[in-house]
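K.L.:
Top line first, the protein sequences correspond to chains C and F. If you read the first sequence in the numbering used here, its first letter stands for residue 1, the second for the next number, and so on. If you read the second sequence in the numbering used here, its first letter stands for residue 1001, the second for the next number, and so on.
Don't take each hint at face value.
Said to hold, decoys possible - Cross-link-like lysine to any residue pairs, in silico, SDA-like; alpha carbons within 20 Å at most:
#1 F:Lys1093 / C:Ile35
#2 F:Lys1093 / C:Thr5
#3 F:Lys1437 / F:Phe1091
#4 C:Lys33 / F:His1040
#5 C:Lys33 / F:Val1089
#6 F:Lys1521 / F:Asp1103
#7 F:Lys1468 / F:Phe1225
#8 F:Lys1273 / C:Leu28
#9 F:Lys1273 / C:Phe22
#10 F:Lys1379 / C:Leu28
#11 C:Lys33 / F:Leu1086
#12 F:Lys1273 / C:Ile35
#13 F:Lys1093 / C:Glu51
#14 C:Lys33 / F:Lys1273
#15 C:Lys33 / F:Ser1274
#16 F:Lys1521 / C:Glu51
#17 C:Lys33 / F:Arg1520
#18 F:Lys1093 / C:Phe22
#19 F:Lys1093 / F:Trp1436
#20 F:Lys1437 / F:Phe1227
#21 F:Lys1093 / F:Lys1468
#22 F:Lys1521 / F:Ser1274
#23 F:Lys1093 / C:Pro17
#24 F:Lys1379 / C:Phe22
#25 F:Lys1438 / F:Ser1117
#26 C:Lys33 / F:Trp1436
#27 F:Lys1437 / F:Val1505
As the list claims (entries may be wrong) - Selected chain F positions facing chain C (Cβ under 8 Å, derived; list incomplete):
#28 Thr1071
#29 Ile1080
#30 Val1084
#31 Gly1122
#32 Pro1242
#33 Leu1278
#34 Asn1279
#35 Met1287
The hints are simulated quantities; they were obtained by calculation from the structure and are not laboratory data. The beta-carbon is built from N, C-alpha and C at its ideal position, and this holds for glycine as well.
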Amino acid sequence: MLGFTDIIIFIGYILTPVSTLFCIFYGLLNWNKGIEEKDGDYREEIRWEKEEMELIEKLP
Amino acid sequence: MLYLITFILIYLAIIIYLSYLGFRKTVSVSDYLLAGRQVHPVIMSLSYGSTYISTSAIIGFGGISALYGFTMSWLAFLNIFIGVWLAFVLFGKRTRKMGKALDAHTFPELLGRRYNSRFIQGFSGFVILFFMPIYTSAILIGISRFIEVYLNIPFTTALLVFLLINACYVIWGGLKGVLYTSVFQGTIMIVVMVIVGITTYISAGGMINAHRELASLTHIIPKEFIFNGHRGFVSFPEFGSPVWWSVLTTFILGVGIGVLGQPQLNVRFMTLKSDRELNRSIPFTAMYILFTTGIAFAVGVTTNLIFYKDLGLSSIEVVGGNVDKIIPLYIDRFYPQWFVAIFLVSLMAAAMSANSAQFHALGASLSRDIFEQAILKGKSVAETTIVTRIGIVFSIFATLILGLLMPEGTVAKATAFFFGLCGSTFVPSYFFGLYWKKATKAAAKTSLLTGFFSFLLWTVFFHESEAKMLGICRFIFGIDTLVGHPFHVIDPQIIALPLSSIVFVIVSFFTRPVDEDVIRKAFRHI
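Pulled out of the complex, with its shape left as it was, chain F reads as follows (with noise of 0.2 Å):
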């Protein structure tokens, strides 16, 4: 407890003073949405590693590899190859650059911008108030689970306590607060994975040897999972299988793929000054990335072997079936006090981080893209920036919420949820806005709202787990999923994007393109 005490004074102090440095420099509405559009790479690699990758990420998806072993080591290639390199350089580029031209604050406006439609940015913004909530929660409960082992509390106060010191200084600091905090939190973040990466292999006597002995650990996997196609911690699931369609299309495709649409992300692009700075920031994001999820989901494989050693169990029995529980319980049995003291830091450093930029861009949405363009009908006003922080109150008190009703063990489902939603339903009008120059206003509403509503039927009418839990299937139909195998295994998004990208290209074949201005506008610097 007194390690802890220590740690997290010197941990809020060290933020605090960032945060205030952070508030000292937002002068004007550009400054407060996007840090001034003049960030250093180093800082912009760090705040987009910190954002994309959270106690989600570690707690989440760490215990979801303790489930389903090194079939996961693919999402960790995905997060690098999709969500750096090509988030990078096929969307980055060209993001900046007409996010520039266009003069756009949030993600919804530059797309409401490039298709010339008050519709799209607003609607965008509604998505993004209304469902983000659900992936700020998911980050929430994986830290409250976290402390909740650790200092023996109840989860309930541990998220209430943890919401209230987040909230403070995200209120205050808009985005260079975030950023300066950002690049603190991933440091310790990257430094504290890799001490969990090479002490795990080492106490299960190497890498080489824990692969091994963990392929002779089949036989503790729950029965239901091997009889649903589990062939083991390090063997691909059975091809057709449940368990193979879940594993790849929910959380390596879905989350693999669902990146490239995240508002919160998208907008650190439009903070970097050229092409120059971004290319920069490759190297030092993609080794972000390798260090916190390529360690976590070996770890999270790994702790099945320690586990086994020490208690005769697999991962997941020993949590009895929470699998948000297993990294914190390894790590809270395994490694001394003081050092769990600093993981838990670095946990709520990078739960910190990325919650900020979550109630940042949900601030952004209500005010830039809801109250400006929807009620105010495109005015500008100086108000902005208290709408903004009306805004982050509002998300934080839905987060709250949400974090209170969601069953056990969702935080890996609930990110690859809000994932799947926003590949869906951006991805495609983001992708032809910026390399289509016949892309037209109609087929972008329309392919925004095929995206939206049809992966939302899904989840409710076809995806069995998500279908089940809300329970309005068998509400209305008096079945759980209206589909049988294979079809209920498959995610939402593996239907809905590719059905919003053909909406998208026939309707753009059918319309009629964009004012030529807006195009030209739009297309000045690329």
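Next comes chain C alone, as it looks inside the complex (with noise of 0.2 Å):
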């Protein structure tokens, strides 16, 4: 076991990997997901970018 004895050491030093590969293989499986928002979402842009705008005017 990697030189431990201890199987609780052991299984917290092998999850840390382990849970690397987990996060690499969500990732990849995951790539092109989430890409689309729900509707109405273009509105909320919209308005974001007015009141950016409206915002950038008022600095000094």
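Hints are included, so try docking the two chains, each in its own frame, into the full complex.
P.N.:
Encoded structure:
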């Protein structure tokens, strides 16, 4: 067990790279997912942009 | 010295250029606070990682690992599983969508708008403004200890000089400046830590051999630790012993769970354009944490073997009890001077990226959450950027004072304190706010206050190490702590977080939900 005799230590040690691999697989499997937002999003974007323009104009 | 000056100059030149790039591209309030909500996934992951893992993780927790052994690898696991996967998937995605729908610029603003309460935003801003400097100074102490060991200059001088360099570029760049520099800083950190990890295991005779030899070094652990349940560098502490409670509740669970309520990290989710970017950030962030904390913890433990072979002492004995000096001394003693200089620069990088993100969160708390909400009653003004900078200057001074006042060997403890406080105060309102439409304003208010005050009360009167240090309990009651074993070694968050969560659910059932319009707006993208 990589030189460990205590199973709890071994599990903690091994779970660190395993959880990293899990994150890598999760990222790769969902690489192209999540690009679409729900309806109505574009209105939010327009309002956001308008507000930004107003704020920029107000800046000294 | 020549190496150090050369590397620092090269490093500073790149940082100044990158900050300038950030400054030039910062035109609006949204740019300053959220980097325009269009951040690349790799930039996001490196900036999240380098904000999350800093000198406190490498110096403070590296030192703690040297003391408690491989038990700390459980924290490295939680850092990745909870701090990356759970934080990104369970919290990050909804935070991004809700942040956008509610036009939130800071973490307190997200909470405040979700519950339609100025008090919640103002109070959260207050918690951040007054307590985050404890964490920022922990990071500052970490780097200053290294400068002290390497350059052999007084700790106070090291602290002042470093804070001055750090302050300069934070005030200019805004979050874009912080994000650009984080990528550069994160990259150096990974390269340096991988080299340290590999060379440490090689000099200890290989990974398996190092672990085996560490098992035979239990006799060098200080007697009081053995008495309190420490069973060796490669064994988990004795179940139910003071060391077991302390390591598990304060360092492993306290920091492992507390990360979910970290405002300077949660604000990062709102910088992304879509969930796709968030998904793509996950692998890079996880690898960053593995290469930094994972390696730092393993190196920390292994220093015992290397110091023992060299001096016949354990790491904690070599540094005279100051855990924060273990990693700096190990690097300084066993690596060539040019590498020590690079290591120092990479630590400076880590400290600067984390500190700057925190100063940024602190500045935003003052301007956006306290100034606009509590003082101007919700009115938005163009002076926000200026007030943010005033907030940053205030937090830099607070950090300086705390950095000078805090006792030796407290980097990991101060970090755990802030993580625990944020976890207890924010996590229930944050989690239920994202997932439960019936979560009420009154519940969020009560839960925030319950988490905050129960955490502080437990710290001051029950948790022995802090209660003893603060001395308030002794002043009032004549004893160090009001409770006996095991309660005096249970971390405040383990008590305060369940309490604030239960309070949240109970109060939600008996109070009026937030206005339907607000809920509809908050959940419009979810």
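K.L.:
Please go over all the hints and tell whether each is borne out by the structure.
P.N.:
Verification of the supplied hints:
In summary, the hint linking Lys1093 of chain F to Ile35 of chain C is supported, as the alpha carbons are separated by about 12 Å, within the 20 Å threshold. Proximity of Lys1093 of chain F to Thr5 of chain C is assessed by CA-CA distance (about 40 Å); at most 20 Å being required, the pair is judged violated. Annotation: proposed proximity of Lys1437 of chain F to Phe1091 of chain F holds, straight-line Cα distance about 15 Å (limit 20 Å). Between Lys33 of chain C and His1040 of chain F, the direct Cα distance comes to roughly 15 Å. Compliance with the 20 Å bound is thereby established for this hinted pair.
The hinted pair formed by Lys33 of chain C and Val1089 of chain F meets the criterion: a straight-line CA distance of about 13 Å does not exceed 20 Å. For the proposed pair Lys1521 of chain F and Asp1103 of chain F, the alpha carbon gap of about 10 Å is at most 20 Å, so the pair holds. Of the pairs offered as hints, the one joining Lys1468 of chain F and Phe1225 of chain F holds, with about 18 Å between alpha carbons and a cut-off of 20 Å not exceeded. Proximity of Lys1273 of chain F to Leu28 of chain C is assessed by CA-CA distance (about 18 Å); at most 20 Å being required, the pair is judged to hold.
Distance hint between Lys1273 of chain F and Phe22 of chain C is unfulfilled; the C-alpha atoms sit about 24 Å from each other, more than 20 Å. Proximity of Lys1379 of chain F to Leu28 of chain C is assessed by CA-CA distance (about 44 Å); at most 20 Å being required, the pair is judged violated. Between Lys33 of chain C and Leu1086 of chain F the alpha-carbon distance is near 17 Å, which keeps this suggested pair within the 20 Å criterion. For the hint linking Lys1273 of chain F to Ile35 of chain C, the alpha-carbon distance of about 9 Å falls within 20 Å, and the restraint holds.
Our distance criterion of 20 Å between C-alpha atoms is broken by Lys1093 of chain F and Glu51 of chain C, whose separation comes to about 24 Å. Between the alpha carbons of Lys33 of chain C and Lys1273 of chain F the distance comes to roughly 13 Å, so the proposed pair stays at or under 20 Å and holds. Our distance criterion of 20 Å between C-alpha atoms is met by Lys33 of chain C and Ser1274 of chain F, whose separation comes to about 9 Å. Under the criterion of a C-alpha separation no larger than 20 Å, the hint pairing Lys1521 of chain F with Glu51 of chain C is consistent with the structure, at around 17 Å.
For the suggested pair Lys33 of chain C and Arg1520 of chain F, the alpha carbons sit about 24 Å apart, so the restraint of at most 20 Å is broken. In summary, the hint linking Lys1093 of chain F to Phe22 of chain C is supported, as the alpha carbons are separated by about 18 Å, within the 20 Å threshold. Using a Cα cut-off of 20 Å, the hinted pair Lys1093 of chain F and Trp1436 of chain F holds, with the two alpha carbons roughly 15 Å apart. Taking the CA atoms of Lys1437 of chain F and Phe1227 of chain F, the gap is about 50 Å. The hint is violated against a cut of 20 Å.
For the hint pairing Lys1093 of chain F with Lys1468 of chain F, the CA-to-CA distance comes to about 41 Å; that exceeds 20 Å, so the pair is violated. A distance of roughly 18 Å separates the Cα atoms of Lys1521 of chain F and Ser1274 of chain F; the hinted pair therefore holds under the 20 Å criterion. Proximity of Lys1093 of chain F to Pro17 of chain C is assessed by CA-CA distance (about 24 Å); at most 20 Å being required, the pair is judged violated. Of the pairs offered as hints, the one joining Lys1379 of chain F and Phe22 of chain C is violated, with about 45 Å between alpha carbons and a cut-off of 20 Å exceeded.
A distance of roughly 15 Å separates the Cα atoms of Lys1438 of chain F and Ser1117 of chain F; the hinted pair therefore holds under the 20 Å criterion. A distance of roughly 24 Å separates the Cα atoms of Lys33 of chain C and Trp1436 of chain F; the hinted pair therefore is violated under the 20 Å criterion. For a cut-off of 20 Å, the pair hint linking Lys1437 of chain F to Val1505 of chain F stands: about 12 Å separates their Cα positions. The interface hint given for Thr1071 of chain F is met, as the beta carbon of that residue sits about 7 Å from the closest beta carbon of chain C, less than 8 Å.
Here the hint on Ile1080 of chain F is kept, as its CB sits about 4 Å from the closest CB of chain C, short of 8 Å. The closest approach between the C-beta of Val1084 of chain F and any C-beta of chain C is roughly 6 Å, which is under the 8 Å cut-off, so the hint is satisfied. Taken as an interface hint, Gly1122 of chain F does not check out: its beta carbon lies about 22 Å from the nearest beta carbon of chain C, beyond 8 Å. The restraint placing Pro1242 of chain F at the interface with chain C is violated, with a minimum CB-CB distance near 18 Å, outside the 8 Å limit.
Taking 8 Å as the C-beta contact cut-off toward chain C, the hint placing Leu1278 of chain F at the interface holds, the least distance being around 7 Å. Nearest Cβ of chain C to the Cβ of Asn1279 of chain F: about 4 Å, under the 8 Å cut. The hint holds. The interface hint given for Met1287 of chain F is met, as the beta carbon of that residue sits about 6 Å from the closest beta carbon of chain C, less than 8 Å.
Violated hints for the displayed structure, listed by number in ascending order: 2, 9, 10, 13, 17, 20, 21, 23, 24, 26, 31 and 32.
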